[in-house]
Every structure is written in structure tokens, then in C-alpha cells.
Amino acid sequence: MYTQYNVMVKNGNPGTGESGLYNRIAVLRAERGASRQDLADAVGVNYQTIGFLERGDYGPSLKLAFSIASYFGLPIEAIFSTEPFRPLSEQVYGTTQQKEKA
Amino acid sequence: MRAELVLLGKRIDMAPRVRRRVLVVLIYATIAALMIAMWFLDHWRSTGTWVMWAAFFACYMFLGGMNSYGGLVRPFHNKRPRTYDGPEPFLLLKLRTYLPIPGENSDYLNDERELNQRGYAHYKAYQIIGLAVVAIWSVALFRMHNPEWFRWIPMSPDTLYYGLLLITIVLFLTLPQVILLWTEPDMEPAMELAEER
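Sequence lines, in order, name chains A and B.
According to this note's numbering, the residues represented by the first sequence are 6 to 107, in order.
According to this note's numbering, the residues represented by the second sequence are 543 to 739, in order.
So here's chain B without its partners, still in its complex pose (with noise of 0.2 Å):
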């Protein structure tokens, strides 16, 4: 895991297990704040992928891990960016990701530790996850037997199960990430920003 985070070419220590909590809260608040206002636009009817497309760039931006090189989180595939050692090609349109080229091994590789680590985080994931599909099946279960204790909810039972599986699968793309931000202890901070203290 990255001890900073460069955000709009400003470095943020992320060192302090605290500042990592904030970050998973605010994110997660986000997301759910952008759940509540997509349901209240089209009741996710357009604008439930918005959701996922939000949890990707969370992903993106600030987390890393899933097939993303940016974030705290070192890729999960444990693999270097490709790179392309060719000419620049004339076309504007580009049908390839061009990535940055690969420093350190350390930028994007895993060591032991990190591995163990994310081996765990997904297995905590894993279990959270399943759970949330106990849930979703629950539900189904619960309104084909007693369909009159579902007519309280606003919405109908597409909807409902439309977004119980928006939210597993916004726990599938950020959940092994948060885990680790979230268990990791203090961290010593990034050279950089250590030898300016």
C-alpha cells in the first residue's frame, strides 16, 4: 500500500491509519448520497450505472487495487502497466490505454507482505459479500411467502432487488481496498514527505 496519495498534483500523507478511515467514510457516504439521489431522480431506472461508474472512479482515483494503478492500493493482479516501446502513431483516435511508463518494481508490485494481506482483505470481502447475497435471497424468499410485509417499502420489488444488487456489486469493486485501508496500522510516511519533516 502507497503512503501518500497524489491527488490534482497535491501529496497527501496518508500514512495515519485515521486519515485512511476518513477517506473510506467519505467515499462510502458519497456513494450512498448518490444512491439516494438517483432513486429520487428515475428510481435507478438509467442512472443505477452511474453508481458503479461512481465506485469505479472511487477505485480510480483513491483506492487502487481493481485493475487501477492509481489509488493507495498496489494493483491486485500483481502485475507490471504494458508499455509500448513503438513509434507514436499518427491516429488521434487511439484504440489502446497508453499507461505511464513503469518505474521501481515497488511502484506496482506486491511484496510478501502485501500479498498475505491482500489475501486476507479478500477473504474478509468474500465473506461480507456473501452475506449480502444471503440477504438479497432472503428478501426474495420473505415476498414470495408474506408478500403483504413488503407493501410499507416505496418501491417496487424489481427496484428493491435492483438496488440490494447495486450495492453487492459496489461492495465487490471497493470492499477488499477498504478492508485493507481501513486494518493496515500507521505507516511510515513516503520518503518525500518524511524528509520534509
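Next comes chain A alone, as it looks inside the complex (with noise of 0.2 Å):
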């Protein structure tokens, strides 16, 4: 299988690009253990285009938003965002972590 994240593995978390937007497709599609090209056949693109998603090179429309949404049964927020992602550790276990003191 296909799975190549280096872009994550360099970056930690890719910059916005050209496009000016965050996203998590890199680590939602690793955590999934998909490759490029299973991503890019659900939601009917190139397998280059997803590399350019997760490079932040590309903004994509809001259906192809929507299609990369529904693929990995997430809100679109959970996927894309203007502003700086937190990793998700910091976002699941920091918030236990701050309920349990609470």
C-alpha cells in the first residue's frame, strides 16, 4: 500500500500554502491508513491534487470539501481552518486532563 505522509512526518503540521488554509488530511488519512490515491478515488480527483491539498498549495471547492468531509465522517471544521490547527493530542488529552482537575 501507498503511504506516504511525508509532508507531516517533515512539517508536523503543513502550512497553509498558497491557499490560506489549514487542513488535517495528511494525519486524518495516515490515522486511516489510506493512500493518496484511495483518498483521491473516493472524492473523484487526482491523486496530485490531494498532495497539494495537504500541502495547503490548493484551496478546494466546497464540494470537494464536503466529499473529503464525508469520507472521513467528520464536520468540515474538523478537517479545514483558516486559523493554526492544535495537534490532536493536545486537543483529546488536554482536555481530559483539564476535566479531570475540574
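Since the hints were derived computationally from the structure, they do not count as laboratory data.
Given the structure is predicted, the values throughout are model-derived calculations rather than measurements.
Watch out, some of these pointers could steer you wrong.
[Said to hold, decoys possible] Label-pair ranges, simulated between beta-carbon atoms:
#1 A:72 / B:579: 50 to 56 Å
#2 B:549 / A:94: 43 to 49 Å
#3 A:78 / B:603: 43 to 49 Å
#4 A:67 / B:584: 53 to 59 Å
Beta carbons: idealized from backbone N, C-alpha and C, even for Gly.
Since each chain comes alone in its own frame, lean on the hints to assemble the complex.
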């Protein structure tokens, strides 16, 4: 299986690139063990476009953004944001710790 | 755009932008050399059309885009190749063009990002070709009013206009693809090539 997510490995969190959008596509794809080609086939684009999306070099249309959200089964704001994302681990465990403290 | 070029059975990784730029420079250098050679041969009287055929060949083999399913850029018309489901005809001389059986849509069709890029490339090409037309008009205008300015040019006015129009036609055939190849950032390598790495 083709699971290359070097962007995330190198940068941790990809920048906005030219699109002005932050996204979590690479993390979510790696979590699910899906290749770029799998995601591309599911949402009907070329696998190169998934690479450009992950790097933030391309801002998707609303239709494509909804297709990607549907593929991952998440709300659209969990995948795309105009603000930098906090790491998922920090969001999950940070919230748990805060709850425990409360 | 495709990330690899299949040439005589050999797969060439064209994902890095620098390779695509080298290819563009080589193609234009070859066409320029051909134009110069053809001018020395017969002042483009009968060989001028060869330059156009060279541009078509470059599109067919390397660039793609313009009515071509080969090359790096997917066809601009965004249609799958026509297929023929009937039996093979007995005639050896076929009057149709047979194309390979189409595979996945991604082999032939542009997605939304590629359509955006295609539009941008054609807009830029339109501007440059417009400038080329203005250049031809300027040459004609200046020659009408100041013919003595053009005496140093070692060719007849008709040949000069013919050459300039030939350049414009070559630009018309190749420029949108070339802009795409030149501007597209480094891509992900093609699947099989990536697995080999």
C-alpha cells in the first residue's frame, strides 16, 4: 500500500501554502492507513491534487471539501480551518486532563 | 498533469519542476534550431509547415494538452477517447483513428484543480500570443511608413511576416502546456516510481 505522508513527518503541521487554509488531511489519512490514491478515488480527483491539498497549495471547492469531510466522517471544520490547528493529541488529552482537574 | 513521461517504453520521472523546465527549454531550442535550419534551406517556402508539424509532434510526445492523449498534460478538451466496440474491420487501410482502450478517468480527465490551472494557463498564453500579434502588426505598420528601416533584414517582407506568423502558431500550439509545465510546483512522483524509491 502506498502510504507516504512525508509532509507531516517533516513539518508536523503543514502550513497554509498558497491557499490560506490549514488542513488535517495528511494526519487523518495516515490514521486510517489510506493512500493518496484511495482518497483521490473516493472523492473523484487526481492523487496529485490530494498532495497539493495536504501541502496547502490548493484550496478545495466547497463540493470537494464536503466530499473529503464525508470520506473521513467528520465535520468540515475538523479538517479545514483558516486558523492553525492544535495537535490532535493535545486536543484529546488536554481536554481530558482539564476535565480531571475540574 | 502526469508526473511521469513514458518514452519508448522507458518511464521518466517528471515530478520535479526542474526536469519539466529543462524539457521545455529543449523543445523550444529544438524548434528554434529547426526554424533557422529551414530558413537556410529554402526560406521556409516549403519547409515552413515542417515547423508546425514539429510543434504537433512535441505536443503528441512530450507536452500533451492540445488534442493529444500522450505527453504530460492531460487533454484540454477533457473528454475520454472514443472507443470502438465492434469487430475489427478487414480493411488494412482504416479510415478511423484507433485509440487505446481508456482506463480510469484520472488518466484522461482533469479534476477541479487541473481545470483551474488550465484556465489560468490559457489566460497567460492568450496575453503572450496577443503580444505576438501586436508585434506582427507593429512590424507591418513601421514597414509601411519607414521601409528604409528594414533594409538591413536579409529577407523579403513576405518572408518576415511568414516567419513571425509561424512563431505565433507554434506559441498557439504549445504555450498553454508549457506554462503549466513551467509553473506547476514539484509534484508527488507517480505511484510505481514512488514505490521504487
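Violating hint indices (sorted, rising): Violated: none.
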